[in-house]
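S.K.: Chains A and B supply the protein sequences, listed in that same order.
Each residue of the first sequence is one higher than the last, beginning at 1 in the UniProt record's numbering.
Each residue of the second sequence is one higher than the last, beginning at 1 in the UniProt record's numbering.
FYI, nobody ran anything at the bench for these hints, they're computed from the structure.
Not one of these hints is a red herring.
Put simply, identical chains are the same to the list, so a pair is met inside one copy or across any two.
Within a straight-line C-alpha distance of at most 25 Å, the following computed SDA-like cross-link-like pairs (lysine to any residue) qualify:
(1) K78 / F148
(2) K367 / D55
(3) K367 / A44
(4) K247 / E359
(5) K208 / R232
(6) K78 / P48
(7) K367 / Q50
(8) K346 / D55
(9) K524 / R465
(10) K28 / E70
(11) K439 / E523
Number of protein chains: 2
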Amino acid sequence: MAEVNQEALYRIFTIPEAPDSTLGKIEKHLSENLMGFLGEHIVAREKPLQEIERDFEQANIPEDPQFVSEHTEFLLNKLVAHSVHTASPKFIGHMTSALPYFLLPLAKLMVGLNQNLVKIETSKAFTPLERNVIGMLHHLVYQQDAGFYNRWMHSAQHSLGAFCSGGTVANMTALWVARNRLLKPDGDFAGIAAEGLAAGLAHYGYKKLVVLVSERGHYSLAKAADVLGIGRRNLVSVATDENNRIKVDALRQACEKVQQEGGRVLAIIGVAGTTETGHIDPLAEMADIARDYDTHFHVDAAWGGATLLSNQHRGLLNGIEHADSVTIDAHKQMYVPMGAGMVLFKNPSLVKAIEHHAEYIIRQGSKDLGSHSMEGSRAGMAMMVFSAMHVIGRRGYELLINNSIEKARYFADLIRAQDDFEVITEPELCLLTYRFVPKKVKQALAGANQEQVERLTPHLNALTRYVQKRQRESGRSFVSRTKLTPAQYYHEPSVVFRVVLANPLTTEAMLQEIIQEQREIAEKATSLRGALHTEMRELGMIVSDH
Amino acid sequence: MAEVNQEALYRIFTIPEAPDSTLGKIEKHLSENLMGFLGEHIVAREKPLQEIERDFEQANIPEDPQFVSEHTEFLLNKLVAHSVHTASPKFIGHMTSALPYFLLPLAKLMVGLNQNLVKIETSKAFTPLERNVIGMLHHLVYQQDAGFYNRWMHSAQHSLGAFCSGGTVANMTALWVARNRLLKPDGDFAGIAAEGLAAGLAHYGYKKLVVLVSERGHYSLAKAADVLGIGRRNLVSVATDENNRIKVDALRQACEKVQQEGGRVLAIIGVAGTTETGHIDPLAEMADIARDYDTHFHVDAAWGGATLLSNQHRGLLNGIEHADSVTIDAHKQMYVPMGAGMVLFKNPSLVKAIEHHAEYIIRQGSKDLGSHSMEGSRAGMAMMVFSAMHVIGRRGYELLINNSIEKARYFADLIRAQDDFEVITEPELCLLTYRFVPKKVKQALAGANQEQVERLTPHLNALTRYVQKRQRESGRSFVSRTKLTPAQYYHEPSVVFRVVLANPLTTEAMLQEIIQEQREIAEKATSLRGALHTEMRELGMIVSDH
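Work out the full structure, taking the sequences as your base and the hints as a guide.
M.R.: Written as structure tokens, this is what we have:
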């Protein structure tokens, strides 16, 4: 037990950890060999969550201080050991990848500076830096000329966007702006910001506001519809084609229907890189529809937006430049640590709709970033994005992104070449879905009718779930899973493996190992396979057992 | 210019910065002597913002990569140099203080692990850890028994709170929960989350929802009222007494008025440590009123909540245990880096009102933290709070908090002892406001009538603004300023200095220096003082010039 007295407390604020202390050694290890540190300290084999919880069940804040070394040992054995090795090249199930080394010491610098970006008084140069970062991303999307950025990037009354903790807040901010602009002050009506949503609907004579997005839209949009008072039911899912892209005819019909019902389309949302399949909506066509219905066009490019950094592939996002607002997460394909979301606004005046002030900070006319953001106090994460863009450079990012897409194409080819795996959704960016299907089932599925697919799919789903779970638990590699409704299988809800190939350290050999491991796990699932076999026999899809 | 090729890119993900590189040296300096590093690299004298902006005006993402060393030099000279020395013991104007040393290497560890707390699959042990941290803060506020925490802390369907990027999101989350609970599903009505706010008001027959808070409430509450569709006008400010505490009679009357107008009180918000004056509302009496009107009682203890760690002072927050929800920021008086807000819920089932799921994560029945949070992907900041609570301990925190309050009392006494300064609001916690008033004015103000106060105050306001701005620019010390309506001065809007004395390294000698510096600046403000003098003469408050 450490001492509790003035002197001891003063020390923790003034005396650094010694280099040979436990924490000093960890820090050295992290600096010298991050991957080695993670590989050594994170236990591969999964410990049941209930057991981990036992180390985190004391609700009392400890009375007495603990020595830093002792506490660090606890963290190593109980927390780090049972963390997820998100930087591992075989952890390809989610959008978290490896980080460039230089960001680690820079992150420490950022934390040490402990700036608060809500206001100039606690951030100074960090405010222009963050505005610069937002400006650079704005330029990436909208490519305005230098005069535009000279005029607006550092203007107190304007913002080219807002830095957020993540894509969820970014999407929410975009819809907040759209909502407040639609129900703006008008005559006696002081605007929704002042009078509230119900008064706004009444004033403008709308029965409801509706947001339209493809059925592949991110769940944060439903959350935003809830938070903003619009209602989850009024986030209407529009059907997608066989490539998971919104059907523009269906979108237009949905807009018509809203009008016929006395509602108002608040926003149309294009998805640039769906979370589950990585596909990109036909943004240019959606922009046309948004114009026809005089509605806000938002593009959720949280994951796929970084593709704009690749001259080779940025055409995939054609039309994004017509969006009124765009969400991009730098902590996804820009290789920045967690906590770097952004929303960009085409028109620098849009943020007027959400402007707010207070007496002691974010005063009228100040350049305080807090006057146009949903969040209040925030750290200087923008520095991570700024540094990554400078040290990697656009050309560096282009290489990273092109490589990821090529790797996904390689993996799709590899899967197709197996007689017991099948690609479910093709990669457009570096994301694809697939599943294991025993050889005989794969052959039989090729010509199966709807009833057969309906009866076989639940068994295949159980098998996919089983393999995904066992593979995760074994700790050697990780793919995620989701449920899709593939057109080729009569839209039957199908569980699939989902991989995101953004980690530059993932090799082709590793991808081969991953499917081999899945095959081996599947082979051991005898009862699930037995049930599948029985079902096939009952369906008349297997005549003999030979 | 650095190279752009596969090999070079691979290196930034695999080869650490050498210890003798620019960044390596910075890291060493940070580790060995943070205060020295900050003191050495942050330029004291303020550079005009427009000049700083010139270093951050290139909206093009650079095509070519920059060497890390070169980029680091840029950061040092252009960003760090013109950052704010928030850890300085003479930076007493805002709620940001010095950080304990051990948190720096731990922050690097956190960033290196790069967990995403939205789901178990990308956070594993960090999920139980975060639930533990929320549980510890819940216990600090509500002091339930061990059985309570055993039952609820790790329950998939429940949450004792939510970890947020800051107090703003925490307050917003609390009101979101309150709103969705009030307009819950009922018969044919599927609830506000599904159907939206207007449908909810119509179903329940309320003309409007109203949130009541004292006129000292934080600006984030107005923002929350906007975002949630309630409307800023429906966040009603209730008058405060001479100590900036809400008048309970006025609160009760306000509740009556809402009902008479056909509205519904959505929530009553108590402030535990107002941002501008540090005072605490009479929480127990407010809880009674909330019960009488069957409304949600939220306490915004973003800043003052840490006072609960002091057995000597926690009585100041009596009644907080009756709150349905409480906001606490660990990045304020808990000495954790920026980005650690929390909202706590007395009843672990309250979060049902905002629960949401998706196919690929936060599935039904999972323990994924993302199902009960406003934000999506989030970093493992909870680890910073966990470690600080263990290494400092409750007794350590008590010492820190008691010392801060004593320091504030010392400073108030010091100001009172000057014949040219006056305390405007007394410290209840470690926050107080005061101003410089030339000796003759101070004497004259003692017996001044309302007209005299009304005419003198604008001149005093100008002087206070001038001194605050010059002192900030000189860079030796920083106090903030705000505008209050002090009862002792006929509620005339008065600009005041505002100080928060939470930095353990701030000494009494420094406080003496700070007011001496203010006095010297004020003495040079000859034209402002001349105008004040003329006004006094015209008011007949000075008979002769001797």
